[in-house]
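Protein chains: 2
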Amino acid sequence: MVTFDHEHVPLAIVEALEADGVAVYPGSAALQFAQDKAAMRTRLADAGFPVPRWQVVQTSDEVDAFDTPWPKVLKASKGGYDGKGVWIVDSLEQAADVMSHDLGPGAVWMVEEMVDFRQEIAVQVARSPHGQAVAYPPVRTVQVDGICVEVVAPAEPTSVSSAQAEALALGIAKELGVIGMLAVELFDTDAGLVINELAMRPHNSGHWSIEGAYTSQFENHLRAVLDWPLGDPRPRQHRAVMVNILGGPIADLHVAFKHVMARDPGLKIHLYGKEVRLGRKVGHVTALGDDEGELLDRARHAADYFQGVIDE
Amino acid sequence: MVTFDHEHVPLAIVEALEADGVAVYPGSAALQFAQDKAAMRTRLADAGFPVPRWQVVQTSDEVDAFDTPWPKVLKASKGGYDGKGVWIVDSLEQAADVMSHDLGPGAVWMVEEMVDFRQEIAVQVARSPHGQAVAYPPVRTVQVDGICVEVVAPAEPTSVSSAQAEALALGIAKELGVIGMLAVELFDTDAGLVINELAMRPHNSGHWSIEGAYTSQFENHLRAVLDWPLGDPRPRQHRAVMVNILGGPIADLHVAFKHVMARDPGLKIHLYGKEVRLGRKVGHVTALGDDEGELLDRARHAADYFQGVIDE
Numbered sequence: 001m002v003t004f005d006h007e008h009v010p011l012a013i014v015e016a017l018e019a020d021g022v023a024v025y026p027g028s029a030a031l032q033f034a035q036d037k038a039a040m041r042t043r044l045a046d047a048g049f050p051v052p053r054w055q056v057v058q059t060s061d062e063v064d065a066f067d068t069p070w071p072k073v074l075k076a077s078k079g080g081y082d083g084k085g086v087w088i089v090d091s092l093e094q095a096a097d098v099m100s101h102d103l104g105p106g107a108v109w110m111v112e113e114m115v116d117f118r119q120e121i122a123v124q125v126a127r128s129p130h131g132q133a134v135a136y137p138p139v140r141t142v143q144v145d146g147i148c149v150e151v152v153a154p155a156e157p158t159s160v161s162s163a164q165a166e167a168l169a170l171g172i173a174k175e176l177g178v179i180g181m182l183a184v185e186l187f188d189t190d191a192g193l194v195i196n197e198l199a200m201r202p203h204n205s206g207h208w209s210i211e212g213a214y215t216s217q218f219e220n221h222l223r224a225v226l227d228w229p230l231g232d233p234r235p236r237q238h239r240a241v242m243v244n245i246l247g248g249p250i251a252d253l254h255v256a257f258k259h260v261m262a263r264d265p266g267l268k269i270h271l272y273g274k275e276v277r278l279g280r281k282v283g284h285v286t287a288l289g290d291d292e293g294e295l296l297d298r299a300r301h302a303a304d305y306f307q308g309v310i311d312e
Numbered sequence: 001m002v003t004f005d006h007e008h009v010p011l012a013i014v015e016a017l018e019a020d021g022v023a024v025y026p027g028s029a030a031l032q033f034a035q036d037k038a039a040m041r042t043r044l045a046d047a048g049f050p051v052p053r054w055q056v057v058q059t060s061d062e063v064d065a066f067d068t069p070w071p072k073v074l075k076a077s078k079g080g081y082d083g084k085g086v087w088i089v090d091s092l093e094q095a096a097d098v099m100s101h102d103l104g105p106g107a108v109w110m111v112e113e114m115v116d117f118r119q120e121i122a123v124q125v126a127r128s129p130h131g132q133a134v135a136y137p138p139v140r141t142v143q144v145d146g147i148c149v150e151v152v153a154p155a156e157p158t159s160v161s162s163a164q165a166e167a168l169a170l171g172i173a174k175e176l177g178v179i180g181m182l183a184v185e186l187f188d189t190d191a192g193l194v195i196n197e198l199a200m201r202p203h204n205s206g207h208w209s210i211e212g213a214y215t216s217q218f219e220n221h222l223r224a225v226l227d228w229p230l231g232d233p234r235p236r237q238h239r240a241v242m243v244n245i246l247g248g249p250i251a252d253l254h255v256a257f258k259h260v261m262a263r264d265p266g267l268k269i270h271l272y273g274k275e276v277r278l279g280r281k282v283g284h285v286t287a288l289g290d291d292e293g294e295l296l297d298r299a300r301h302a303a304d305y306f307q308g309v310i311d312e
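Protein sequence lines, in the order shown, are assigned to chains A and B.
Using my numbering, the letters of the first sequence correspond one by one to residues 1 to 312.
Using my numbering, the letters of the second sequence correspond one by one to residues 1 to 312.
Heads up, a few of these hints could be off.
What the hints assert, rightly or not - The calculated DSS-like cross-link candidates involving lysine-lysine, where the alpha carbons are at most 30 Å apart (straight line), are:
{"no.": "1", "chain 1": "B", "residue 1": "K84", "chain 2": "B", "residue 2": "K281"}
{"no.": "2", "chain 1": "A", "residue 1": "K75", "chain 2": "A", "residue 2": "K274"}
{"no.": "3", "chain 1": "B", "residue 1": "K84", "chain 2": "A", "residue 2": "K174"}
{"no.": "4", "chain 1": "A", "residue 1": "K258", "chain 2": "B", "residue 2": "K174"}
{"no.": "5", "chain 1": "A", "residue 1": "K174", "chain 2": "A", "residue 2": "K84"}
{"no.": "6", "chain 1": "B", "residue 1": "K258", "chain 2": "B", "residue 2": "K174"}
To be verified - Sample of chain B residues with no beta-carbon within 12 Å of chain A, all distances over it, derived:
{"no.": "7", "residue": "P69"}
{"no.": "8", "residue": "A96"}
{"no.": "9", "residue": "A213"}
{"no.": "10", "residue": "T215"}
{"no.": "11", "residue": "E219"}
{"no.": "12", "residue": "L226"}
{"no.": "13", "residue": "D227"}
{"no.": "14", "residue": "L288"}
{"no.": "15", "residue": "G289"}
{"no.": "16", "residue": "H301"}
In case anyone wonders, no lab produced these hints; they're calculated from the structure.
Quick caveat: nothing in here was measured; it's all calculated off a predicted structure.
Here a beta-carbon is modelled for each residue, glycine too, at the ideal position from N, C-alpha and C.
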């Protein structure tokens, strides 16, 4: 058996299956936009969706000439994940250094404006073959070094209403013909929402929904690809907070597991059974209730304990 | 492989495993009281817990002479389940008719007063080998023909406080040395709580906890038998209502499944994959929210649809 990570399955395989009459969701026509950031930006901009200023470039001189202030964002159009394939560069020299690296097959260099945002938010959408679609409420995501570290759900954008953010994500899912889950990562800016990235799968920013929503993103992904009626995406409690457990110096998480369970019996702790490597997402903790600050304290404490940042 | 239903595993097998040094939870010393109602009544009464008036009998004349008014309750001390092994009799003649049936091996006849209750409630307890124990809040259970049809969680008893009901169940778990889940079924009467039955396993009256509590009875059963810290048994929302799906004229529940999902996307529907037989518990529906009446309407509608009682 051959398995592929997330949406990194080669498009040619999906297309071959489709040519044989196999139903593959999301299909190649949609999946290409999750695999190629340049194609995604072009298509979304053509359809009138708000994207950052960007351009395909071949040389560092073109990066320098790109008319936005430093720092600028350099991206490989393909192959990125969890911050890989994205560089923030402060100068022509840094851009030249980054661009001396080999790009993967079929990838091109992209330069983007560094978007000045108030916060980052994400909206999950489930969409089925017969066109039923539901949006989860917007959540606030916090990234460190390109990796999502925590999520607060729900979280109203500051520039637009939650309903407007949901409508934007639903519109993208329809425009691209997505089937299954779509995560739309957005910058919440003074000028409104700007699209950052798309993921066509259950996504880290939606893990809060496992316990926090009437229907989790995983259940709705299955319902959608089976063309079953979609479940209610609404939150069950006032607030859900998710904090990722990143790999630290502790290789065996099970001793920490018991400590954390005993200290805070109401936390929902998910360990993925992955080998612990530095900075790798190996689990997450969800806290549910009313007070965002208290929930963040509890979930961060547990994650810090698993990561060896604290020992009590 | 040999499998046994619930706590109906022969005690001799449990005792043989224990003699070989295998940890079995709940152990034979506790399990005997879930398997033998006469032993359970005797032990609980000796320890000062409130039980109905009862007596072991061998003849219908002894049932007649038992000093409580008709109707009286006749029970087989062993082998009952979901109303089987329990008869409500109105007269000496009815008692004689019931007692003409063969009792199972090792069972005796018991007569009990017919308890005049305001409502039936149940309290779940999880208890671990090192003695940690948590109680779920009391729930109201509604039985028809000896089968639980619906549960409202939480539900305060009328005769005592919820805390007193929880203390009673915790006291029983400790007295009997239960490890894992214990369900205590109680009559809520003018004179206080009276113990009806015990079950040493995750129980139908606790299915609401799958979505309704921070930690489900199934997770806490596993945590308890593994001697891990127990999880929070508290409800996550104001009210959870569970309605059982009993087998009706519809053999294939999957068409109904889609209808019910589409009609009410917020319901949590559990189908057990059992062959549908008349009156058999083949699934359950849980509704979560604020208004008990609305939740009951929604969950009953779904159960009625699965059971063929309604067709829209």
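A quick look at each hint next to the structure:
In summary, the hint linking K84(B) to K281(B) is supported, as the alpha carbons are separated by about 14 Å, within the 30 Å threshold. Taking the CA atoms of K75(A) and K274(A), the gap is about 28 Å. The hint holds against a cut of 30 Å. For the hint linking K84(B) to K174(A), the alpha-carbon distance of about 55 Å lies beyond 30 Å, and the restraint is violated. Restraint check for K258(A) and K174(B): the C-alpha separation of about 23 Å stays at or below 30 Å, so the hint holds.
Between K174(A) and K84(A) the CA atoms are separated by roughly 28 Å; this keeps the pair inside 30 Å, and the hint holds. The hinted pair formed by K258(B) and K174(B) fails the criterion: a straight-line CA distance of about 45 Å is larger than 30 Å. Distance check for P69(B) against chain A: the nearest CB is about 47 Å away, which clears 12 Å, and the non-interface claim stands. At the 12 Å boundary, the C-beta of A96(B) stays outside the reach of chain A, the nearest C-beta of that chain being 53 Å off.
With a least CB separation of 10 Å from chain A, A213(B) falls inside the 12 Å interface cut-off, contrary to its annotation. A cut-off of 12 Å between C-beta atoms contradicts the statement that T215(B) is not in contact with chain A; the least separation is 7 Å. For E219(B), the requirement that its beta carbon stay farther than 12 Å from each beta carbon of chain A is not met, with the minimum near 10 Å. Against the 12 Å criterion, L226(B) falls within the reach of chain A, whose nearest CB is about 10 Å from its own CB.
In this structure D227(B) is not separated from chain A by more than 12 Å, as the shortest Cβ-Cβ distance comes to only about 10 Å. A Cβ of chain A approaches the Cβ of L288(B) within 12 Å, the least distance being about 7 Å, so the stated non-interface status is violated. Against the 12 Å criterion, G289(B) falls within the reach of chain A, whose nearest CB is about 9 Å from its own CB. Every beta carbon of chain A lies more than 12 Å from that of H301(B), the smallest distance being close to 15 Å; the non-interface claim holds.
Checked against the numbered hints given earlier, this structure breaks hints 3, 6, 9, 10, 11, 12, 13, 14 and 15; the rest are met.
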